[in-house]
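Residues per chain, in single letters:
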Amino acid sequence: MKVLVYALLEERASSCRWTLDPEADRWFWLAPGVERFRQEQGLDGGAGKDRLGEERLIRGLADRIGNFEERGVKIGCKMLVWDEPLPLGAAIEAAARWRRMTSGRELEQKTAEGALRRCVQEAMEAEGGFERQGAKINGSRAEYARPILKWGPTGDGGLIDAADGDGGQPDAPRPPSAAGKSAAFAALTRQARQDAEQLRGRALHVPEALALLGVAEWRELAPRLQFAALLGLARLEAAVAPAPPLSGRWRQRGAAPRPRRCQRCGSGEAQLRRTPCASCGRRACAYCEACLAMGRSRECGLLILGTPSRACAAPPSAAPQLSMAARLAPWNLSPAQQAAAAAALRYIESAPPQEKRRAKPAARLREAWRRLAGRFAALSAPPLAPAYPRLPRLLASASNRLRLLRGDGNRADREASALSAPQPLLERDEQPAATALLAATDNVPRRQFLLWAVTGAGKTEMIFPLVAAALERGGRALIATPRRDVVLELDPRIRRAFPAERVVTLFGGSPQRWESGCITLATTHQLFRFREGFDLVIIDEIDAFPYHGDPQLHYAASRSLAPDGATVLLSATPPAKLRGQARRGSLPHARVPVRFHGHPLPVPAMLRMPAVDRLLRALRFPPALRRALQASLDRGAQLFVFVQRIRHVAPLVARLRREFKAVAIDGTSSKDEERADKVRLFRDGAIRLLVTTTILERGVTIPRSDVFILDADGRLFDDASLIQMAGRAGRSLHDPAGRVYFGAPAVNNAQRSAVKEIRAMNRIAMKKGYLKANESGKPPAPAKPPNAVQPTAATPDSPSVAPIAEANR
Amino acid sequence: MSAADLAARALRAIRSAVTIGCSGALAMLSPASAACPVCGRAFRGQGKVSFAGLCPACTEAIPWIRRIECPVCGRPERCGDCARRTAASFVASRSAVRYDASVRSWLATYKYRGHEALGPVLGEMMAEACRHLLAERRARYPHFRFDALVPVPLSEERLAERGFNQAEQLASCVGARCSIPVVEALRRTRNSGKQSYISRRERMRNTQGLFAADESRLPALFLPNDTRSRSIESLVATFWPTFGSSPTPHAGQPLRLLLIDDIYTTGSTIDACAGALSESLRRLYPGTSVEIYALTLARS
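Same order as they appear, the protein sequences are chains A and B.
If you read the first sequence in full-length UniProt numbering, its first letter stands for residue 1, the second for the next number, and so on.
If you read the second sequence in full-length UniProt numbering, its first letter stands for residue 1, the second for the next number, and so on.
Worth flagging that the hints you see were computed from the coordinates, not collected in a lab.
One should not assume that every hint holds.
[As the list claims (entries may be wrong)] Within a straight-line C-alpha distance of at most 25 Å, the following computed DMTMM-like cross-link-like pairs (lysine to aspartate or glutamate) qualify:
(1) A:Lys2 / B:Glu156
(2) A:Lys2 / B:Glu157
(3) A:Lys110 / A:Glu122
(4) A:Lys577 / B:Asp5
(5) A:Lys678 / A:Asp634
(6) A:Lys2 / A:Asp83
(7) A:Lys767 / A:Asp634
(8) A:Lys671 / B:Asp100
(9) A:Lys2 / B:Glu161
(10) B:Lys111 / A:Glu208
(11) B:Lys111 / A:Glu131
(12) A:Lys136 / B:Glu60
(13) A:Lys136 / B:Asp100
(14) A:Lys136 / B:Glu156
(15) B:Lys111 / A:Glu217
(16) A:Lys136 / B:Glu291
(17) A:Lys136 / B:Glu215
(18) A:Lys136 / B:Asp5
(19) A:Lys671 / B:Glu184
[Claimed, not checked] Some but not every residue of chain A turned toward chain B, in silico, with C-beta under 7 Å:
(20) Gln271
(21) Thr275
(22) Leu292
(23) Ala605
(24) Arg752
[As the list claims (entries may be wrong)] Now the in silico label distances, taken between C-beta atoms and shown as ranges:
(25) B:Asp100 / A:Lys136: 37 to 45 Å
(26) B:Ala135 / A:Arg273: 45 to 53 Å
(27) A:Gln630 / B:Asp100: 55 to 63 Å
(28) B:Asp100 / A:Ala676: 51 to 59 Å
(29) A:Leu322 / B:Arg9: 36 to 44 Å
(30) B:Val18 / A:Pro575: 14 to 22 Å
Even for Gly, the Cβ is constructed at its ideal location relative to N, Cα and C.
All chains, please: the whole structure from these sequences, using the hints.
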């Protein structure tokens with residue numbers, strides 16, 4: 001994409017900007033009809049001040065109207081327009097160079113022309129130029145000269161500034177009369193506001209924005225977007241952009257090109273590919289291969305960012321004054337669930353941490369380290385953590401906090417400043433201050449809370465009160481999980497728990513793709529399309545593929561959170577890094593050591609047997625395994641048999657069918673087309689024994705089930721996956737003491753640590769008194785009355801909750 | 001900032017530096033494993049059959065057209081379209097692969113998602129088909145050669161939106177492999193909308209007058225081969241004529257052009273392009289005989 005670059009000369013200030021639609025900017029900056037527009041929009045009165053961006057709009061317009069009124073129409077703004085569209089990257093670079101070169105001070109027109117010429121030429125040179133009709137334009141000063149158009153303030157007649165006739169363009173389109181302009185202005189503003197409402201919290205490419213706003217043509221969308229950006233209701237960036245230059249003394253010197261980064265998924269140079277591009281005319285325009293499946297991020301492509309979620313700045317006092325117990329009561333939680341949910345709620349509702357001024361040296365150290373690490377990472381592997389992605393948001397939140405510190409932070413103000421980042425309308429004076437604060441704010445950790453709940457603890461029920469609290473504050477909540485089948489399974493439960501709220505479920509090919517609601521349920525991949533959109537982000541199964549070990553998804557998840565929001569991470573088996581942080585106390589967390597039914601987790605028994613490879617070749621079936629399988633079959637359980645390799649599934653099924661002739665036995669794996677059917681048959685009891693790989697290690701609940709893990713010492717089963725598989729047993733209230741066997745020729749560390757972990761959780765549960773009716777730590781007898789632990793009947797005001805608790809199991 | 005805090009930070013920094021360093025060193029020591037450009041999975045490619053860097057599974061999945069049933073359009077089955085057509089503007093068309101589910105998804109990834117890394121892979125497949133076409137023709141006409149490759153153009157709007165013309169990318173791949181110059185001698189007269197959403201009849205009507213020859217580029221078709229592209233092969237051919245892949249230019253040969261596109265469905269696009277080209281050539285260069293062939297990646 002190519003855009004036009006112009007310099008805007010105002011009283012006391014100047015800036016260089018780029019635009020998708022020069023006419024929108026011309027109307028915005030040079031319009032004589034602004035006063036009438038202001039009256040028509042009712043911007044003088046107090047009405048509607050709490051609406052989005054209104055405050056900002058009023059101030060912006062008032063400022064400019066002041067200009068017009070004081071000095072007459074003749075000395076308003078002036079636009080100097082470079083007479084050729086430039087590749088988006090070069091245009092952004094030119095604007096940045098202007099800021100550095102002039103520091104935004106007022107300039108004479110002649111000086112400004114020179115400055116604009118220099119900025120554009122330097123930017124073109126730095127960006128490698130482009131091709132125009134087959135000829136290479138590389139921007140070197142001698143070669144690349146274009147006329148500069150001068151657009152001055154216009155009276156009703158549409159007079160174009162002709163102070164010096166050389167550049168005045170007589171055939172430039174004339175702005176309409178004041179009345180017409182005012183009406184058009186009003187219509188555009190209304191439209192921009194509607195668009196902003198839909199774009200809120202999103203980060204979209206152009207085709208996505210077209211789909212979201214229901215516009216067929218880019219020609220139609222461009223002026224709308226540009227106007228929204230001018231009003232501060234949207235931000236426009238390049239989808240792949242260089243990392244922002246470091247501030248202060250770490251600033252990079254010399255002409256070395258700055259490494260690019262995909263602004264949507266955070267991937268660095270390792271995932272970028274450069275190709276000749278017909279849309280911007282450059283020989284090497286980078287695109288991101290990492291998030292290609294979600295639409296192509298291109299260096300000359302646009303990333304359209306909506307404003308952050310509205311409730312992020314809601315004062316904590318808005319939270320209800322009910323006691324915690326009263327707030328949790330409607331949700332029918334077990335005591336352990338209640339304790340954890342209360343801890344999470346308290347954390348989420350605590351005031352966001354204020355930035356610490358004394359953290360400055362550390363910040364500097366960190367910055368130096370980041371630089372060093374960046375160098376290393378560029379040398380060896382793709383970087384694990386994106387180095388500078390949070391900058392624009394940090395800028396926004398830094399200026400936000402600055403205002404709070406100064407004590408004039410009312411809500412509207414804070415909203416306004418949160419909108420500011422790259423195309424500031426008014427806060428020029430605040431920019432340097434915000435940059436200075438940047439280092440300090442970077443030190444404020446993102447607010448994360450780990451809910452560490454054993455398998456079958458009823459995690460989904462625990463998040464209901466958190467979601468409800470976020471909605472009460474007027475915020476938006478997101479529940480994300482790596483797996484699509486989990487999203488589909490959660491969908492009806494969430495809808496039943498929140499019948500009055502608008503729930504949007506997003507996954508690849510979801511029909512609700514362009515809708516927005518208070519509760520969003522999504523696969524983690526969908527988060528690429530959001531930016532600062534949610535006040536509460538809940539990520540389920542953080543240790544599951546593909547979220548675990550995918551830096552792009554982590555990046556997307558952290559960026560989907562509004563500046564003052566909080567993230568809640570859910571897992572039965574958190575990754576080692578988070579466990580360490582929790583142990584050290586740097587990650588706030590709550591453990592739920594017991595299942596919803598109050599019985600301890602089944603402790604795996606070790607079963608000495610040969611590896612599956614040998615078992616399949618041997619004539620004799622291992623007697624220990626046969627006995628254990630037979631015992632489970634005899635007690636009427638459904639049997640999971642986990643193996644490491646897909647190629648083991650079919651032969652093992654054949655072997656078992658020979659051994660247990662009367663039993664319905666089947667196998668499935670990720671390559672099985674009929675997987676869903678087989679799981680259903682297994683759930684119904686039509687299949688008694690299911691041989692499977694780790695694909696069924698989580699998310700499946702079979703009422704009465706025993707678990708056999710063969711080759712438990714294999715490389716593919718780590719302690720987390722062993723715990724997850726073991727967690728398939730004993731989940732139901734009616735059969736809480738399922739059996740778990742680790743079948744292997746040897747006991748390795750993974751098995752030992754899995755057993756240790758399970759025992760530790762049982763011990764904690766007992767210590768805290770969550771376990772029902774057993775002092776010895778032995779599993780209680782399975783024959784308990786079915787309603788012994790089930791929470792008492794639902795309270796009258798939440799009749800919809802009881803069936804959910806039932807359905808969950 | 002307490003001293004203890006600082007120390008802890010420094011310690012963490014050192015630890016992660018060591019980790020990064022170690023993983024880098026390990027990466028250097030471990031054997032190279034390539035990622036398949038199509039499915040993205042890493043594989044160890046030693047000693048296995050691999051086409052253009054694809055993993056064995058994807059190599060296996062290429063639905064080559066090995067047996068040609070229709071001599072005109074190169075279809076692997078009997079062909080109604082060619083029997084029905086009264087006057088085709090092209091001599092023959094060949095396709096590298098059948099348009100099955102895997103090719104459909106590869107082309108979608110390449111064209112619509114814009115995964116340009118697939119371009120060279122698909123181009124390699126077409127180069128394979130181009131070699132077969134040349135061999136087939138040379139069996140009958142020993143001095144057979146193509147004077148230029150002409151990619152089917154995109155409309156300006158589509159080109160700006162997509163950022164690249166797949167036919168042009170594929171043509172330049174084939175051109176580089178088979179030492180044939182690429183001349184963009186066609187342009188689109190209007191934006192016709194997507195071909196994939198319309199019926200056969202509409203498609204035929206839609207392509208009428210859709211293409212026109214770019215007359216400023218036509219002279220390039222007549223330049224001798226080695227002044228247009230100086231690949232190593234053509235250089236070798238000048239010094240050692242029997243070695244080079246293209247036989248020495250032969251007087252009295254017709255001008256032979258090879259149209260390049262991604263998919264051949266009904267042949268209407270190819271036919272329209274060939275018609276526009278031969279019409280302009282006949283008008284501007286009366287007396288030259290022109291033969292137009294076509295090569296597409298997939299035959300649906």
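Checked hints:
This hinted pair checks out: lysine 2 of chain A and glutamate 156 of chain B have alpha carbons roughly 14 Å apart, not beyond 25 Å. The hinted pair formed by lysine 2 of chain A and glutamate 157 of chain B meets the criterion: a straight-line CA distance of about 13 Å does not exceed 25 Å. Distance check on the hinted pair: lysine 110 of chain A and glutamate 122 of chain A sit about 18 Å apart at the alpha-carbon level, within 25 Å; holds. Proposed proximity of lysine 577 of chain A and aspartate 5 of chain B is supported: the alpha carbons are some 19 Å apart, at most 25 Å.
As the CA atoms of lysine 678 of chain A and aspartate 634 of chain A are separated by approximately 22 Å, the hinted pair is consistent with the 25 Å bound. A threshold of 25 Å between alpha carbons decides the hint, and for lysine 2 of chain A with aspartate 83 of chain A the separation of about 12 Å falls inside it, so the pair holds. Taking the CA atoms of lysine 767 of chain A and aspartate 634 of chain A, the gap is near 34 Å; set against the 25 Å cutoff, the hint is violated. Between lysine 671 of chain A and aspartate 100 of chain B the alpha-carbon distance is near 20 Å, which keeps this suggested pair within the 25 Å criterion.
With a C-alpha separation of about 11 Å, the suggested pairing of lysine 2 of chain A with glutamate 161 of chain B holds against the 25 Å cut-off. Proximity of lysine 111 of chain B to glutamate 208 of chain A is assessed by CA-CA distance (about 17 Å); at most 25 Å being required, the pair is judged to hold. As the CA atoms of lysine 111 of chain B and glutamate 131 of chain A are separated by approximately 22 Å, the hinted pair is consistent with the 25 Å bound. Taken as a hint, the lysine 136 of chain A and glutamate 60 of chain B pair is broken in the structure, with Cα atoms around 42 Å apart against an allowance of 25 Å.
A C-alpha spacing of about 41 Å is found between lysine 136 of chain A and aspartate 100 of chain B, which places the hinted pair above 25 Å, so the restraint is violated. Taking the CA atoms of lysine 136 of chain A and glutamate 156 of chain B, the gap is near 19 Å; set against the 25 Å cutoff, the hint holds. For the proposed pair lysine 111 of chain B and glutamate 217 of chain A, the alpha carbon gap of about 20 Å is at most 25 Å, so the pair holds. Restraint check for lysine 136 of chain A and glutamate 291 of chain B: not satisfied, since their Cα atoms lie roughly 35 Å apart, outside the 25 Å limit.
The hinted pair formed by lysine 136 of chain A and glutamate 215 of chain B meets the criterion: a straight-line CA distance of about 23 Å does not exceed 25 Å. Restraint check for lysine 136 of chain A and aspartate 5 of chain B: the C-alpha separation of about 55 Å exceeds 25 Å, so the hint is violated. Note on lysine 671 of chain A and glutamate 184 of chain B: the hinted pairing is violated, with a Cα-Cα distance of about 45 Å set against a maximum of 25 Å. Interface restraint check for glutamine 271 of chain A: the shortest CB-CB distance to chain B comes to about 11 Å, outside 7 Å, so the restraint is violated.
For threonine 275 of chain A, the suggested interface contact is upheld, since its CB lies about 5 Å from the closest CB of chain B, less than 7 Å. Satisfaction of the interface hint for leucine 292 of chain A is found here, the shortest Cβ-Cβ separation to chain B being roughly 5 Å, below the 7 Å cut-off. Against a cut-off of 7 Å between C-beta atoms, the interface hint on alanine 605 of chain A is violated, since the closest Cβ of chain B lies about 37 Å away. Because the smallest distance between the Cβ of arginine 752 of chain A and any Cβ of chain B comes to about 25 Å, over 7 Å, the interface hint for this residue is violated.
The hinted window of 37 to 45 Å between aspartate 100 of chain B and lysine 136 of chain A holds, with their beta carbons roughly 41 Å apart. For the hinted restraint 45 to 53 Å between alanine 135 of chain B and arginine 273 of chain A, the CB-CB distance of approximately 34 Å leaves it violated. At roughly 48 Å, the beta carbons of glutamine 630 of chain A and aspartate 100 of chain B sit outside the given window of 55 to 63 Å. Checking the proposed 51 to 59 Å range against aspartate 100 of chain B and alanine 676 of chain A shows it is violated: the Cβ atoms sit about 25 Å from each other.
The hint said 36 to 44 Å for the Cβ distance between leucine 322 of chain A and arginine 9 of chain B, and at roughly 41 Å that hint holds. Taken as a hint, the range 14 to 22 Å holds for the pair valine 18 of chain B and proline 575 of chain A, whose Cβ atoms sit roughly 20 Å apart.
Hints 7, 12, 13, 16, 18, 19, 20, 23, 24, 26, 27, 28 from the list above are not met by this structure, while the remaining hints are.
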